[in-house]
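Colleague: As numbered in full-length UniProt numbering, the sequence shown has no gaps in its residue numbers, which increase by one up to the final residue, 98.
There's no promise every hint is true.
[As the list claims (entries may be wrong)] Have a look at the derived ranges for each label pair, beta carbon to beta carbon:
id, residue 1, residue 2, range
1, Gly46, Asp84, 24 to 30 Å
2, His97, Thr53, 30 to 36 Å
3, Gly74, Glu94, 23 to 29 Å
4, Met22, Gly74, 20 to 26 Å
5, Met22, Glu90, 14 to 20 Å
6, Gly74, Pro50, 19 to 25 Å
Bear in mind the hints are in silico, worked out from the structure with no lab data behind them. All figures in this text were calculated on a predicted structure; none of them were measured in a lab. Note that the Cβ used here is the ideal one computed from N, Cα and C, for glycine as well.
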Amino acid sequence: MGDLASMSLACIKAGVPSDLTMRQLALLHVVSSGRQQVRDLAKTLGVSKPVITRAVNSLAESRLVEREPDPADGRNVLIAIRPDGKWLLEQIREVAHG
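From just these sequences and the hints, can you work out the full model?
Modeller: Listed below in structure tokens is the structure:
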């Protein structure tokens with residue numbers, strides 16, 4: 001996540017909706033490498049599970065991520081990036097690095 005600050009600046013340049021927070025951007029970045037449980041996202045990002053849940057709710061409403069049942073444990077869900085989320089990250093990365 002070393003390039004998160006440059007990605008944030010790229011968001012502004014790319015015209016990403018202003019309601020996308022740094023936490024939501026970080027969450028998108030993490031799940032872009034694979035599905036994650038809420039507990040693991042909270043640990044990775046150094047925040048509580050309720051904070052992650054709120055970020056996921058917002059991103060899910062925007063259709064950037066989705067919840068999937070965890071095949072290993074039906075009590076848990078996995079957070080996965082959706083095609084729109086991948087596309088958004090690609091646009092941000094292009095602006096940040098191009």
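Colleague: Each hint: holds or not?
Modeller: Structure-based check of each hint:
{"no.": "1", "hint": "Gly46 with Asp84: 24 to 30 Å", "verdict": "holds (26 Å)"}
{"no.": "2", "hint": "His97 with Thr53: 30 to 36 Å", "verdict": "holds (31 Å)"}
{"no.": "3", "hint": "Gly74 with Glu94: 23 to 29 Å", "verdict": "violated (39 Å)"}
{"no.": "4", "hint": "Met22 with Gly74: 20 to 26 Å", "verdict": "violated (33 Å)"}
{"no.": "5", "hint": "Met22 with Glu90: 14 to 20 Å", "verdict": "holds (19 Å)"}
{"no.": "6", "hint": "Gly74 with Pro50: 19 to 25 Å", "verdict": "holds (22 Å)"}
In summary, the structure is inconsistent with hints 3 and 4 from the numbered list given earlier, while agreeing with the others.
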